[in-house]
Amino acid sequence: MTLNAPTKVVFLLSLVIAIIGVVAAFNLLTFVPIPAFWIMTLAYLLMVGGSLLKGV
Numbered sequence: 014m015t016l017n018a019p020t021k022v023v024f025l026l027s028l029v030i031a032i033i034g035v036v037a038a039f040n041l042l043t044f045v046p047i048p049a050f051w052i053m054t055l056a057y058l059l060m061v062g063g064s065l066l067k068g069v
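Residue numbers (my numbering): 14 to 69.
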């Protein structure tokens, strides 16, 4: 199995989702119905998928 660098779009999308997760952890976003843990998990899984799949 070879790992590939994720594209810029996947990296930036994962970064934005992670920032939203951190802000939600400090309770600054009260309108987000998902706990911060799951937001950060989604960001991590997106980054892992971008690293494992070629061209994504």
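One or more hints might be untrue.
Stated by the list, open to error - Pairwise CB distance ranges (calculated): (1) Asn17 <-> Pro46: 32 to 40 Å; (2) Val45 <-> Asn17: 18 to 26 Å; (3) Gly68 <-> Asn40: 32 to 40 Å; (4) Leu26 <-> Pro46: 33 to 41 Å; (5) Phe44 <-> Ala18: 16 to 24 Å; (6) Ala38 <-> Thr15: 17 to 25 Å; (7) Leu16 <-> Leu42: 30 to 38 Å.
Simulated from the structure, these hints should not be mistaken for lab results.
C-beta atoms are modelled at their ideal positions from N, C-alpha and C, and glycine is treated no differently.
Results for each hint:
no.: 1; hint: Asn17 <-> Pro46: 32 to 40 Å; result: holds (34 Å)
no.: 2; hint: Val45 <-> Asn17: 18 to 26 Å; result: violated (31 Å)
no.: 3; hint: Gly68 <-> Asn40: 32 to 40 Å; result: holds (38 Å)
no.: 4; hint: Leu26 <-> Pro46: 33 to 41 Å; result: violated (20 Å)
no.: 5; hint: Phe44 <-> Ala18: 16 to 24 Å; result: violated (34 Å)
no.: 6; hint: Ala38 <-> Thr15: 17 to 25 Å; result: violated (34 Å)
no.: 7; hint: Leu16 <-> Leu42: 30 to 38 Å; result: holds (32 Å)
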